[in-house]
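The listed protein sequences correspond, in order, to chains A and B.
Each residue of the first sequence is one higher than the one before, starting from 4 at the first, in the working numbering.
Each residue of the second sequence is one higher than the one before, starting from 3 at the first, in the working numbering.
By construction, these hints were calculated from the structure, which means they are not laboratory data.
Keep in mind that the hints are not guaranteed to be accurate.
Example chain B residues on the side facing chain A (calculated, C-beta under 10 angstroms, incomplete) [to be verified]:
no., residue
1, 73
2, 140
3, 141
4, 171
5, 182
6, 278
7, 281
8, 282
9, 488
10, 490
11, 493
Here are the simulated distance ranges between beta carbons [what the hints assert, rightly or not]:
no., chain 1, residue 1, chain 2, residue 2, range
12, A, 29, B, 10, 56 to 62 angstroms
13, B, 470, A, 98, 56 to 62 angstroms
14, A, 370, B, 53, 48 to 54 angstroms
15, B, 192, A, 208, 50 to 56 angstroms
Sample of chain B residues facing chain A (criterion: CB under 8 angstroms; computed from the structure) [unchecked claim]:
no., residue
16, 66
17, 70
18, 71
19, 139
20, 150
21, 186
22, 411
23, 450
24, 453
25, 456
26, 459
Using N, Cα and C, we set each Cβ at its ideal position, and we do this for glycine too.
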Amino acid sequence: MDQLLLLGPEIIVTAAAMLVLTVDLVSDRAGRTWAPWLTLLALVLGIADAAWYFYARQNVFGNTYTVDEFLSFFRIASLVIAALIVFASKEYVEQRTKYVAEFYALLLFVTLSIILLAGSIDLIMIFLSFEFLSITSYIMVGYLRDDVKSSEGSIKYFLYGSVASAIMLYGMSLLYGASNGETNLVRIAAAFANAPAGTSNLIVIAIILTIVGFGFKIALAPFHQWSPEAYEGAPTPVTAFISVGPKVAGFAVLARVMITALPHFASDWTNLLWAIAAISMTLGNLVALRQTNIKRLLAYSSIAQTGYMLIGIVANVATGEGLRGILVYLIAYIFTNLGLFIAVIAYSNAIHSDEIADYAGMVRRAPALALAMVIFFLSLAGIPPTAGFIGKFLVFGAALDAAKAGGPSQLLIWLAIIGAVNSVVSVGYYFNIVRYMFFMPPKEMTPVRVTPTLNVSLAFATAMTLLMGIVPQPFITFAQESVKAIFKS
Amino acid sequence: MYIPYLLTYIIFIPTILGTLPILFMRSESLIKRWAILVSLVPLVLSVLLWFGFTPNGTMQQEEVAPWIPTLNINYHLGVDGVSVPMVFLTTLLTVIALFYSSYVINNRVKEYFALFLLLETGMLGVFCSLDFFLFYIFWEIGLVPMYFLIGIWGHAEDRPQYSALKFFIYTLIGSVLMLLAILGLYFQTGTFDLLLLPLKIKAVTDPLVLNLAFWGIFAAFAIKVPMWPFHTWLPDAHTAAPTAGSVILAGVLLKLGAYGFIRILMPVFPGVLASYAGMIIAVLAVISIVYGAFVSMAQTDLKRLIAYSSVNHMGYTMLGIGAAAIAVGNTAPGIADARAIALNGAVLQMFNHGIITGGLFLLVGMLYERAHTRRVDAFGGLAAAVPRYYGLMMLTAFASLGLPALAGFVSEFMIFRGAFAIIPGLAAIGVLGIVITAAFILWKIIQMVFLGPLDQEKYSEMEHHLTPQVVAEYWERATGRMKDMTPWEVVSMVPLAVFMILIGLYPKPIIDIINGAAVSIINLMG
């Protein structure tokens with residue numbers, strides 16, 4: 004019973020998903036009308052519960068799942084994401100498909116999977132949650148089943164994702180073998196504690212395979228090939244979701260597996276992640292420069308953003324600063340990227356296009372929307388006073404602080420420099436869209452009307468993006484408290 | 003005299019009372035009047051700041067409040083004798099720019115005035131920040147409005163979109179390198195405070211850290227000044243920007259870079275500057291002086307010409323800064339005085355360049371409104387047609403070339419007086435720049451535009467290509483001549499002209515203010 008109390012958010016979300024499905028079963032109309040609000044209610048309750056039990060700490064389910072501050076952070080984060088997605092999807096889903104309630108049920112399930120991933124401390128539980136996340140995501144990407152692009156994106160996502168799962172599972176099985184049959188992360192760390200550092204090729208291979216698997220799931224370069232098609236084809240609210248949700252989950256798992264289970268092999272995985280971070284930032288930004296479709300552009304942009312965040316993991320070997328930086332960056336990224344997608348949805352609901360050229364003269368047709376988008380672009384590019392700047396500031400700062408240790412960690416200086424130069428490159432494409440929005444004449448002058456649900460969520464995301472840039476301390480404290488569980492100080 | 007929150011009011015009134023309400027206003031004439039009215043408030047307050055300032059080397063009107071305690075970041079403001087003239091310059095030029103714009107900007111008025119006031123907040127914030135993090139935030143805030151000002155209201159034939167992005171990217175490259183340097187310094191010293199940093203940095207001995215941090219920050223400031231070879235964004239940005247944008251760009255934004263050298267690089271890195279970087283600054287400054295002057299002479303577009311003359315004039319400032327920086331630790335007699343004189347001259351030159359070049363851009367803008375061309379060879383003999391304009395242009399141009407009894411002379415004289423005592427060879431080459439400057443200003447601006455006979459046919463032809471609206475506004479139908487300056491155009495130029503003469507004749511009040519700060523920075527460097 005005690006254990007069940009600790010799992011409030013998970014239970015609420017599961018129950019709500021079932022309820023939404025049941026309501027839809029009873030009456031199709033009730034499902035259409037009530038599903039979004041029921042979902043929202045469940046999410047708000049979940050957030051309240053997660054906040055109330057923020058400091059709870061206990062292992063449950065036979066040490067396969069842990070409730071701690073770190074999980075609390077990801078519970079709140081994923082529930083906030085889902086809530087914003089509900090606002091973003093309402094008109095979009097109603098306009099484009101007749102299967103409304105199922106969409107929200109799926110959204111709740113995928114949210115649950117993110118929470119489960121963040122709390123898993125056992126390889127089997129991690130793998131199962133990853134599959135849960137993947138399968139629900141595939142379905143959501145292909146939700147517009149009459150749309151060829153949606154189906155294409157879904158299939159591609161599915162094929163790549165399945166291969167990735169297999170690779171990851173193989174890596175995990177090697178870890179299981181090398182640790183003499185342990186699946187629990189803490190016990191794996193204990194089993195490796197006496198192994199001579201950096202000599203075990205088996206473990207290095209296991210680490211590589213596991214990271215490759217993670218890399219596919221969270222779309223890090225060079226394992227990102229599925230993401231532009233999936234982003235472009237998916238219903239835009241789903242694109243918004245997969246640009247944020249799986250990444251949030253991925254960083255939770257990455258932090259747990261690398262920092263909890265494999266601290267002994269830090270020099271191996273930091274080098275690998277160093278390279279992946281550098282490639283993701285550079286490739287994501289350079290390819291984004293050439294995109295003409297805003298959803299594809301944001302796909303590459305989010306690859307680059309993931310690269311910046313990865314710096315925090317690489318820089319995290321000695322201190323908790325890197326992980327704290329990632330969490331702050333994640334908060335910033337959630338509000339910024341979701342806000343941006345909501346703006347894209349609002350505009351595409353009116354112009355029925357995602358081509359960047361069709362954003363010409365947007366400021367004349369939807370000035371508030373254009374202003375919000377500029378703020379989001381500034382935040383993604385890391386220009387103050389926005390949330391994204393604070394995220395980059397902390398992540399780059401963690402890298403430079405860790406580099407002080409000297410020796411191989413001085414490579415981190417270069418990673419910070421690569422990141423900084425990349426954020427200049429990113430201005431090239433973010434502000435190319437701004438150029439269309441503000442400098443080009445519009446094709447037509449009719450004002451774009453934005454529905455209240457979109458307006459509310461957009462205003463919230465904009466306000467948070469600015470607030471976090473101007474008053475960052477509460478967010479930093481929040482992140483600081485959340486990483487305590489990982490860095491037991 | 004301490005006035006609580008004075009600096010906060012000066013910095014944020016343009017945004018809080020200006021930008022935000024303007025976003026919700028509908029009437030264009032109301033927006034224009036409101037913007038000018040709001041911009042007058044910081045001007046009045048900065049006059050108050052000036053007269054409430056005790057001319058010594060201390061920081062005054064300081065405000066400290068914790069902002070991000072986890073990282074030891076504070077909201078720390080304060081001004082010394084370097085900042086006060088810059089704050090005044092910024093508020094003055096903003097009022098003039100907005101006043102002038104209210105007559106010529108009739109397209110997307112709301113965005114224009116909202117952005118302009120946001121820009122003012124960014125610039126003022128840089129001059130008042132005593133926390134490196136805060137400094138950086140304000141530094142970046144100024145970037146975005148200027149990008150839009152160039153891109154939206156730039157002249158279509160000057161590739162405004164390209165120039166705006168170029169300006170943005172160039173400045174941002176410097177900024178991000180500075181950001182890394184700021185972080186690097188923080189993790190070495192544990193502080194972002196600009197008053198503590200010069201003291202704490204003494205404990206840092208690793209030359210790699212010091213040099214990397216120095217060059218990171220140097221990049222940001224050198225691009226902004228701009229020093230040769232980082233200047234290539236400047237002619238494009240200046241040419242494309244609307245008149246008031248050019249005024250602010252030349253008048254204030256370039257000063258941010260030079261101000262950064264004085265406020266941050268000089269006190270924090272005396273060792274690096276003394277060992278080799280000061281010499282590099284001085285050499286780059288002399289190259290900027292000579293190169294800027296020569297390239298300026300080769301221009302046929304008046305705006306480009308003045309833009310390159312900015313490279314030249316900011317070169318003098320940097321020469322003064324370089325000279326003051328090279329001689330760290332040099333105790334030979336007279337050197338300390340020479341350094342102080344050079345630094346005083348550099349700061350005064352920043353102020354003078356602001357009013358003089360701001361004035362030049364304003365005047366060229368007025369000419370462009372009439373003729374819709376800026377090619378020097380399109381004009382000729384204008385002296386007789388537009389005597390008021392000619393008079394003000396003569397005054398400003400002579401101030402720019404450094405005629406004694408006008409502002410430019412005083413500061414250039416002080417810089418060279420200081421520099422000759424420290425780096426005579428470089429100073430001697432730098433003096434060449436003054437000669438070339440005099441040559442191109444006299445030849446290209448005064449002679450080609452104003453002197454000679456007025457070729458009536460040329461102007462009839464010019465008028466022929468203009469829209470009826472422009473002709474009605476700026477040309478005399480009966481004679482087919484350009485109209486002389488309108489009263490509001492005169493009003494926007496007069497304050498600048500007054501300062502050119504005042505500082506030229508009696509620079510003591512402003513030098514008194516600057517000197518205390520200059521001496522204390524020199525002492526801090528050792």
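Hints, one by one, checked against the model:
For residue 73 of chain B, the suggested interface contact is upheld, since its CB lies about 8 angstroms from the closest CB of chain A, less than 10 angstroms. Hint on residue 140 of chain B holds. Least Cβ distance to chain A is approximately 9 angstroms, under the 10 angstroms limit. For residue 141 of chain B, the interface hint holds, the least distance from its beta-carbon to any beta-carbon of chain A being 9 angstroms, beneath 10 angstroms. The closest approach between the C-beta of residue 171 of chain B and any C-beta of chain A is roughly 6 angstroms, which is under the 10 angstroms cut-off, so the hint is satisfied.
Among the interface hints, the one on residue 182 of chain B holds; its C-beta lies about 5 angstroms from the nearest C-beta in chain A, closer than the 10 angstroms criterion. A cut of 10 angstroms between beta carbons decides the hint on residue 278 of chain B: the least distance to chain A is about 22 angstroms, and the hint is violated. Interface restraint check for residue 281 of chain B: the shortest CB-CB distance to chain A comes to about 26 angstroms, outside 10 angstroms, so the restraint is violated. Hint status for residue 282 of chain B relative to chain A: violated, with the closest Cβ pair at about 21 angstroms, above 10 angstroms.
Contact between residue 488 of chain B and chain A, as hinted, is not supported at the beta carbon level, the nearest pair being about 30 angstroms apart and thus beyond 10 angstroms. Checking residue 490 of chain B against chain A: minimum C-beta separation of about 29 angstroms lies over 10 angstroms; hint violated. Taking 10 angstroms as the C-beta contact cut-off toward chain A, the hint placing residue 493 of chain B at the interface is violated, the least distance being around 31 angstroms. At about 60 angstroms, the CB distance of residue 29 of chain A to residue 10 of chain B agrees with the hint of 56 to 62 angstroms.
The hinted window of 56 to 62 angstroms between residue 470 of chain B and residue 98 of chain A is violated, with their beta carbons roughly 49 angstroms apart. Separation of residue 370 of chain A from residue 53 of chain B is about 42 angstroms and departs from the stated range, judged on CB atoms against 48 to 54 angstroms. Checked against the given bound of 50 to 56 angstroms, the beta carbons of residue 192 of chain B and residue 208 of chain A, roughly 42 angstroms apart, lie outside it. Checking residue 66 of chain B against chain A: minimum C-beta separation of about 16 angstroms lies over 8 angstroms; hint violated.
At about 5 angstroms, the closest approach between the beta carbon of residue 70 of chain B and any beta carbon in chain A falls short of 8 angstroms, and the interface hint on this residue holds. The restraint placing residue 71 of chain B at the interface with chain A holds, with a minimum CB-CB distance near 7 angstroms, inside the 8 angstroms limit. Look at residue 139 of chain B: its Cβ gets to within about 4 angstroms of chain A, closer than 8 angstroms, so that hint holds up. Annotation: residue 150 of chain B was flagged as interfacial toward chain A, and the flag holds, the nearest CB pair being 6 angstroms apart, inside 8 angstroms.
This hint holds: residue 186 of chain B has a C-beta 5 angstroms from the nearest C-beta of chain A, less than the 8 angstroms allowed. With 8 angstroms as the threshold, the beta carbon of residue 411 of chain B stays out of range of chain A, its nearest partner Cβ sitting at about 40 angstroms, so the hint is violated. The interface hint given for residue 450 of chain B is broken, as the beta carbon of that residue sits about 34 angstroms from the closest beta carbon of chain A, more than 8 angstroms. Given the 8 angstroms rule on beta carbons, the hint for residue 453 of chain B is violated: about 40 angstroms separates it from the nearest Cβ of chain A.
The interface hint given for residue 456 of chain B is violated, since its Cβ lies 39 angstroms from the closest Cβ of chain A, which is over the 8 angstroms cut-off. The interface hint given for residue 459 of chain B is broken, as the beta carbon of that residue sits about 37 angstroms from the closest beta carbon of chain A, more than 8 angstroms.
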